[in-house]
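Chemist: Letter by letter, the chains look like this.
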Amino acid sequence: MALPGSVIKQLARIVGDQHVVHSPNDLRIFERDGSITGAVPEAIVLPANRDEVVEVVKLAAKNRIPIVPRGAGTGLSGGAITLRGGIALQLTRMRRIVEIDPIARTATVEPGVVNADLQHAVGRQGLFYAPDPSSQKACTIGGNAAENSGGPHCLYYGVTTNHVIGLEVVFADGSVAWLGGDAPDRVGLDLLGVMVGSEGTLGTITRIKVKLLRLPEAVVTLMAAFPTVDTASHAVSDVIGHGIVPAALEMMDRVTIGAVEAHYRAGYPVDAGAVLLVEVDGLRESCNELAGAIERILHTNEATGLRIAADAEERELLWAGRKGAIGALGRIRPNYYLHDGVVPRTRLPDVLRRVTEIGDHYRLPVANVFHAGDGNLHPNILFDLRDDGVMDQVEKAGEEMLYAVVELGGTLSGEHGIGIEKNAFMPWIYGPDDLDAMLRVKQVFDPTGQLNPGKIFPDPDREPATLRARAGFCSEAQWW
Amino acid sequence: MVVDGLVPVRVEKPSTAEEVAGLLRAAAEAGEAIVPVGGGRALGFGNPLERFDVALEMLGLNRVIEMSQGDMTVSVEAGVTVEELNAELAKVGQFVPIDPFNAPGHTVGGVLAAGLSGPLRMRYGSPREFVIGLRVALPDGRLASSGGRVVKNVSGYDLNKLHQGALGSMGVIVAASFKVFPRPLHEVTLEARTRDGWTEAARALELPMPPVALELTSDGRLLVRLAGTRDAVRRMARELGWPEAPDEVWSEHSRRGGRVWARVSVPPGKLREVVETFGERATWWASPGVGVAHWVGDIDAEGVQLARAAAERTGGTLVLIAASVDLKRQVGTWGSPPATLPWMLRLRDAFDPKRTLSPGRYLS
Chain Z
1 MALPGSVIKQ LARIVGDQHV VHSPNDLRIF ERDGSITGAV PEAIVLPANR DEVVEVVKLA
61 AKNRIPIVPR GAGTGLSGGA ITLRGGIALQ LTRMRRIVEI DPIARTATVE PGVVNADLQH
121 AVGRQGLFYA PDPSSQKACT IGGNAAENSG GPHCLYYGVT TNHVIGLEVV FADGSVAWLG
181 GDAPDRVGLD LLGVMVGSEG TLGTITRIKV KLLRLPEAVV TLMAAFPTVD TASHAVSDVI
241 GHGIVPAALE MMDRVTIGAV EAHYRAGYPV DAGAVLLVEV DGLRESCNEL AGAIERILHT
301 NEATGLRIAA DAEERELLWA GRKGAIGALG RIRPNYYLHD GVVPRTRLPD VLRRVTEIGD
361 HYRLPVANVF HAGDGNLHPN ILFDLRDDGV MDQVEKAGEE MLYAVVELGG TLSGEHGIGI
421 EKNAFMPWIY GPDDLDAMLR VKQVFDPTGQ LNPGKIFPDP DREPATLRAR AGFCSEAQWW
Chain G
1001 MVVDGLVPVR VEKPSTAEEV AGLLRAAAEA GEAIVPVGGG RALGFGNPLE RFDVALEMLG
1061 LNRVIEMSQG DMTVSVEAGV TVEELNAELA KVGQFVPIDP FNAPGHTVGG VLAAGLSGPL
1121 RMRYGSPREF VIGLRVALPD GRLASSGGRV VKNVSGYDLN KLHQGALGSM GVIVAASFKV
1181 FPRPLHEVTL EARTRDGWTE AARALELPMP PVALELTSDG RLLVRLAGTR DAVRRMAREL
1241 GWPEAPDEVW SEHSRRGGRV WARVSVPPGK LREVVETFGE RATWWASPGV GVAHWVGDID
1301 AEGVQLARAA AERTGGTLVL IAASVDLKRQ VGTWGSPPAT LPWMLRLRDA FDPKRTLSPG
1361 RYLS
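Just so you know, the protein sequences line up as chains Z and G, in that order.
Those letters in the first sequence? Residues 1 to 480, by our numbering.
Those letters in the second sequence? Residues 1001 to 1364, by our numbering.
Any given hint could turn out to be false.
[As the list claims (entries may be wrong)] Straight-line Cα separation of at most 27 Å, BS3-like style, residue types lysine-lysine; simulated pairs:
| no. | chain 1 | residue 1 | chain 2 | residue 2 |
| --- | --- | --- | --- | --- |
| 1 | Z | Lys442 | Z | Lys58 |
| 2 | Z | Lys137 | Z | Lys58 |
| 3 | Z | Lys62 | Z | Lys9 |
| 4 | Z | Lys442 | G | Lys1354 |
| 5 | Z | Lys137 | Z | Lys62 |
| 6 | Z | Lys211 | G | Lys1270 |
It is worth saying that the hints were derived from the structure and are not from the lab.
Chain Z extracted, bound-state conformation:
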């Protein structure tokens, strides 16, 4: 597929020649995101500002060309894939931090600002932005808002939607509006809340206003080893059952620990069945008391080798192992398929048992590294794409794992989104009336279906084969 030359010319007129990519070879660069599937766009357009986005969207509307907004392309559910061709609207040139207001504790940014860059900028003023996806060194705030991203510290602080207070959006017809704002209550429907996490299917985000928090006075990070995933899961429930909600509460299983330790030498005990990373922050007094209480609870749950990071450097190292775990798994198999599901926290032992059984059944190694406190699991199916027919097995295994999650009262995605990875499974968690309500919203904002088509909603016509494109190599990606 290719766009007519006249459209390419008009696009070039809007954003400049050098910011329209349309040669077949160059287009392939944008075929993929962080998911296991791909599709080649018909053009990549890199607007410099909101007004250029408006012009591109209007042109696309006039010519019925699909628009797929795209940030860093780290998404894991195929949200940035141009499934039906059209324009990949690459927003990474819009990367200005427009304003940091240390008094009101807000920041206004363009969508292409990288999460970690915002963290660094506000950190200098003693502030932080809470959502911290593990891909934060690459992923953008615009993408975070579109996907409603999470991260380890969302256990205490909440996910992206709890921290975005305003969005500037370009709608499908090219009109622009600010949703939300600095005042706590708005008059009218909460369009801001609906737009966050809508995966680019309702509009294109061109500016984001976020809440900032003050950096805590103290942080304590604990690591503890457990004989099994089961015992570690019980420890998680026990900590929270004691009325303690740590800032983060993360688990890694034996497979992950081995790979991470070989790669990072973070000091993880390689003979353990599972490792928990627990972090508390706040006043010095709170941290000491909470860390002490957590230590006692973990000990009663068979924890061994309990360690408290002595300084910031050691803490960074413990976190580097956690956040870089997926890359490290490349030592085991060159490819991975990272899943995302959430169960009620107390069902973690059950679901992890099922995950192991499914992995064993398909003879695929599975590494678990996830946000245990939230019940948000990330089973990682490891494989080698060069093995004949392996993709079929990987997909079947993943589907069975997700099904187990849903059977245990859980949901399809906690932070990666639905995209084209899981849209076919939406009927597992939503009935026809539930999906119909969502479709009504879609039809109001995008009646012609041009905004990121083929995402979120199940598509009865979809060829299953389109899911089985090339899988990403671990060496290429450090995120999950």
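Keeping the supplied structure of chain Z fixed, place chain G upon it in accordance with the hints.
Modeler: Just chain G, lined up with the frame of chain Z:
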């Protein structure tokens, strides 16, 4: 039952979600206007009703559907009151931080539909931040769920947000699921009386561990609630230096309300200048850390317009939570419509094409 001077033709008292959906559908098919009524604590909120045929009493939907201590989630039907919900959760040392004014007696459905919040919003945010699932009856007789019973969920559109604060204009909430919170390990309430309440409030807000609630009243009273570990709370209390007060001050405070009642919501840094437009003798209470103030008593159209203009200049709002029909007709409940009103009207038409749900109250 009288709302905005109108008396319904009949009162329905459903006890299941399916009955609610059936009644909505019947009303829509008959071209009737139906108005859900929960605890009746915010019945006057919104512009005057255009029509009122059926009152839909929701108190019969009073089941706790599921409470899971270990998962820290709870699902209840919409007619359960906030007090009933928290009494259940208290048995396991947990709570939902919903503390609307004009309490007690708000139902869960009512408080969510009206978008009400109270002092604890300072720490926990409004219910928007911890509602994890909703079930809503629609005028075509369907029951649509959004979200789920897990604390983290990005599966599909977050329609939980669409219905909160929509005053029942998009559907009638029949059940809700919440992320719940553990009761704080230690908690203390302090109270100060001071001439310069705003400055003292600002000092409290800058504590390294900010209060979970901070209220300032027009008679110079400051109430603060500190929560956390024992030593941390003690240190903050010492830094603040205010005397301790009994916990009961909060339930007493939560009973505040008025027959004429305006709520101002502005960026927190602008709250003081907007509250000053109420006049020196006005009765008000405010959450300086949130940017919300409630103004009750002797409020006339001119006063509303003055304060509303000041609020809207800051990007905020002044809405009438309660007022006479006359006052509502004179100045309107909502103030200037948002620029996105056309989108909102299209959404409403997609969910309530025949204007069955509380017509006139919300978007117009």
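Chemist: Please work out if Lys137 (chain Z) and Lys62 (chain Z) have their alpha carbons no farther apart than 27 Å.
Modeler: Outside the cut-off at roughly 37 Å; violated.
Chemist: Taken at face value, is the distance from the CA of Lys9 (chain Z) to the CA of Lys62 (chain Z) at most 27 Å?
Modeler: Holds. Lys62 (chain Z) to Lys9 (chain Z) sits at ~15 Å (cutoff 27 Å).
Chemist: Against the 27 Å threshold, does the CA-CA distance of Lys137 (chain Z) and Lys58 (chain Z) hold or violate the hint?
Modeler: violated, 33 Å
Chemist: Given the hint that Lys211 (chain Z) pairs with Lys1270 (chain G), does the C-alpha gap stay at or below 27 Å?
Modeler: Holds, at roughly 17 Å.
Chemist: Given the hint that Lys442 (chain Z) pairs with Lys1354 (chain G), test it: the Cα-Cα distance must not exceed 27 Å.
Modeler: With a Cα-Cα distance of about 20 Å, the restraint between Lys442 (chain Z) and Lys1354 (chain G) holds, given a limit of 27 Å.
Chemist: Check the hint pairing Lys442 (chain Z) with Lys58 (chain Z) against an upper bound of 27 Å on the C-alpha distance.
Modeler: holds, 18 Å
This entry does not satisfy hints 2, 5, going by the numbered hints stated previously.
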